[in-house]
Amino acid sequence: MVRKRVGALEKVDADLPNLQYKIRRDPRSYTEEFLNQYGQYQSQRDIFMASPNTASSSGIISFSNLIDFVAHVSDCFPEDTAEFPEDLKTILTLHHAELESELREKIVGSLVLLRRKEIIDSSNLLNALFPILVATPSKTLRTLLFQKILSDLRTSNAKSINHRLNRTIQTALFNLLTSDRTSSKGIWAVKITRELWKRQIWTDAKAVEIMKEASLADNEKVIGGGVRFFLGGDKEREELEDESSDDEAIDVGKLKHQAGINKKNKKAKRTIEDAVKKVKRNEKKKNQPHPLNFSALHLLHDPQGFAEQLFSKHLHNGKSKLNLDQKLIVLQLVSRLVGLHKLTVITLYSYFIKYLTPRQPQVTSFLASLAQATHSLVPPDALEPLVQKIANEFVSEASASEVASAGLNAIREICVRQPLAMSDTLLQDLVMYRKSKDKGTMMAAKGLLSLYREVGADMLKKRDRGKTATMGIKSGSIKERRFGEEDAGGIEGLELLEQWKADERKRKRAERGLPELGTDEEDNEDDEAEEQAGWDNWDAESDASDDSGGWIAVDSDDEINISDSDDDQPSSKKVKLDTAAKQPETEEEKEKADAVLENKISKLATTKILTPADLAKLQELRLEASMNKAMGKNKTQAQRLKEIADRHADDALTADQIEGFSKLRKSTKEEMIALAREGKGERGEHKSTQALRRAKKDAEGKSTTNKEKARKKNFLMTLGKAKYKQKRSLTQTRRVLKGHIERSKRGGKRGNIGM
Amino acid sequence: MGSSARKKKEKKKDFQKPKLRVGKTKAKADNFTDTSFKSKSIVVNQQSLSTSAKSSSSQFAHYLSLASSSKSDTQRRDALAYLTTQLSSQPVNEPMPLPTAIILPKLLPLILDGTSSVRSQLLKFLRLLPPSDVGDRAEQSLLYTRAGMTHLAAEIRVDALSILEWLLEVAKDDVVTCPGGWMKTLKSFMTMMGWATSSGSTKWTSASKSSFGKFAFGKAGKAFPRQLLVLAQFLKAGLVEPEDSLPTSEGTATFPICQVGMHMIPTRSNAFAHLNLFGTSRDEDGEMYIDREDRQRVFHKNFRAAVEEGISTAQKEAGEAGRAAAVLSKVVRDGMADYTDIDD
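Taken in order, these protein sequences are the chains called F and U. For this note's numbering, add 557 to where a residue sits in the first sequence, where the first one is 1. For this note's numbering, add 17 to where a residue sits in the second sequence, where the first one is 1.
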């Protein structure tokens, strides 16, 4: 019999990590050892369940170690450990409050590990963890659970969206919010939803629905969370996306260059391969169609009902317990909804009246909300008293300049959205403030003036109208707009396409040596040919892209020819095109023609099917036009009006914009110092600017200039030259000076020969 | 350079002799450290301020807590030794300083204690406890005993067997009838002796019992025959009908009333525990098996094949293990003699 050292064997017995390693390598041979450990785990569990608070973790191996061990090898013995996950879940759900924190974390970690080994599924895990997250009094456990839940949701949505899991979790969150509206537990639903929204894992209407319920809760925290989500959630999402796309830039060329220089080994090779792979992946991702991410506000079902409920529950309700700040954000959300979706909540406007005094705290926010809640379908009767009140309370000679400018800005913002809210006497009165000494007031009043030159010049006094407006009124191109009047919509840039087509045709004719204006028949022929080309092109493309078998055999050209051949139609369009194409010589006439072009809705789209080639060209023209606009070429009134309106449709109006140039609150000393310091860099000690610049250059590893070298040169070395200088003869001096001139011409001693 | 007068003075200062004056305190040295401190209260750790000596019961409680929660193993052992002498030197009819209901839960975790002297001392102490009190706490005791039987360390396993022996001595019926007492304990035996089979495994025979089972060396090497013997005791307690279970003159003594004992108030506590009216529902393992027939059925269904196979291999070994196996096989034969296989 061989003597063995028992002590060593004992040690091996107690060595769980070692056993774990062995089991993972060869599960079947170590079945017995595993069963022993599992039996030990079961008895420890029984002891624990009998008295959870008194069970101590003393002894050679603790309960948590056993749990860890079993969790790690449970995938090798699925039948034996079938009840293990359930055990952990029951321990956690029943005793999470009194468990030792270490053991608790170990159990949570083991459950997540089991999930990763796919012994339990995600919904199983989340259904176990989520109730504890909501119920536990321990902060550390809450953070841990929150993090685990989020990471699990992210991983299970990483490859493809796991709709079923998302749906169950969303339902659980929704139920959490709706089951008890007064409790603060809903905050977890808000937190989880917001985080997942930020990371673009949940982008559907259901997530928005959860937040909608949160905003309509009774608990202040939950309300705040929900409302803030609608006000800032999308911006957060965009920022995160920008961030993540920024840091991915890899310079492959640089890496390759480095690999050429540095030591060549496997690791360097692999680095390059990885980088190339990543760049390719990024490129592929870039070429993918952009996922349509609607903002939360656009995904709302029934925004009207939501806005009304928010308003009546939190703002118009006397029993609402919200403080001013919370009320303000709710008001912001309501007004944003009203402005964005053009809702009608008439009581909202009368609600504003009592807050519109300069003494009201945060009045600028109220003003901003009011302006935001205004849109073209608000009855002017509802707004007129508000504008009047703002004018009376804020804008007067006696009031402070900041107050006056804030009032004027607010009025302008309201009137941008609903110009009819202004009466002409009031307008003329307000416009007079453009002569004010204060810059803020003056700018605000000028803004109002320029606005009304566009939207209602006839309300201004004659001398205030300006040249274009006066001429417009005279010619009749500027008309008074009525309440509810909408511009007839069309395809953006269609008139550009029409124009371009006419030009093209003319050019072709010129190439063929024909007179510029051809007959209709010829035009038609051209058209047909052109169209044919457009469709052919498209067919080729589609054939290449889809391989749907026998479908290709169908000759689609015939059908299309039947549907859009112009022969059986009277070519009324052509006549018009011709008039447009006749190119009047004089500048005046051309302008008039442009106006006509602009006013009438182009018939191109209604009489003809646009070919894919046409659509591509349309896109191109649109882009060009927008570039021109950005370059500041002159615009028509309609364009400018549209721009003004568009600017306000999607972005929120903030109190800062109302405050304008003169902030109501002067900046504090610290702010001013910070402002002055901005961009100056770190200044540790007092040094001259020169020295600082030098230090910066040194840090960057740049060389000194000749001047600096000369300044630093040892005094004794310069002495001989200085002494000699005194004794030079005139010729010597001349030679030196000449040499200097020549050197400077040549560009230094050696000169710039190579250049 | 230090040419200035001020610097010269500073240099000189280091070597000047401090002047001592009569009636004045000596100047403090340069490297003097102030070690004085102020405190609002003084805490004396070890000292008792009471003038009278501690009562023996409080002394007992103190040592009990020492034994159960002290960090040092010698202290635990000494405390246990004290408790043992205290209990053994007591007059026979005097009540115990503390009831068993308090003592037992505190000391049971020591079954899993890492030090062997503590465990042996614990066994000595436990033997002094009144047997009638132990029966009610058999379930709790078995929890720790089972944990000991499946423990990693071989010595703890061996000592846990002694505890089980003691339990079988003092409360035979309670051990086999308490919830989980039959099924779970048998399972622990199976894993301990290496007779257990994985529920999911195929026909994979494993010969590696190098560390846990019968081929262990040293102190644990003698464990296998002992395990067999204790298992035999356990099975005997559960399966074999005690000879005096039926009172000889039951029907005749009190003729008109038969089976009086059945209708009297039960003598044991929690007589309807097997109905499990208030606890959580139990599974097959944790069920109470009150009847002998039940136990036979469970044994037959789950363990008999494994046990008989184990016995046959052990008998082939002969020697001590073979003799113990013979005892075990006799117990199994006796216990299962009147068992008729019911198809369930």
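Treat the hints as calculated values from the structure; they're not laboratory data. Model, not experiment: these values are computed from the prediction. Errors might be hidden in some of the hints.
Distance windows between CB atoms, simulated [unchecked claim]:
(1) F:1231 - U:45: 22 to 32 Å
(2) F:695 - U:45: 45 to 55 Å
(3) F:574 - U:319: 26 to 36 Å
(4) U:87 - F:586: 33 to 43 Å
Derived list of chain U stretches under chain F, where covered just means 3 residues or more per stretch with a C-beta under 8 Å from a C-beta of chain F [what the hints assert, rightly or not]:
(5) 153 to 162
(6) 177 to 188
In this text, a Cβ means the ideal position worked out from N, Cα and C, and glycines have one as well.
Quiz prompt | Status of the given 45 to 55 Å range, CB of residue 45 of chain U versus CB of residue 695 of chain F | solution = holds (52 Å)
Quiz prompt | Three-residue Cβ test at 8 Å for the coverage of the stretch 177 to 188 of chain U by chain F | solution = Coverage by chain F is violated for the stretch 177 to 188 of chain U (0 residues, Cβ < 8 Å).
Quiz prompt | Residues of the stretch 153 to 162 of chain U with Cβ under 8 Å from chain F, three needed, outcome | solution = holds (count 3)
Practice problem: May I ask you to test the hint 22 to 32 Å on the CB atoms belonging to residue 1231 of chain F and residue 45 of chain U? | Solution: Since the Cβ atoms of residue 1231 of chain F and residue 45 of chain U sit about 49 Å apart, the hinted range of 22 to 32 Å is violated.
Exercise. Could you say whether the range 33 to 43 Å given as a hint is met by the Cβ separation of residue 87 of chain U and residue 586 of chain F?
Key: holds (41 Å)
Quiz item: Taking the CB of residue 574 of chain F and the CB of residue 319 of chain U, does the distance hold inside 26 to 36 Å?
Solution: Holds: the Cβ-Cβ distance is about 33 Å, inside 26 to 36 Å.
Of the numbered hints given earlier, the model fails hints 1 and 6; all others are met.
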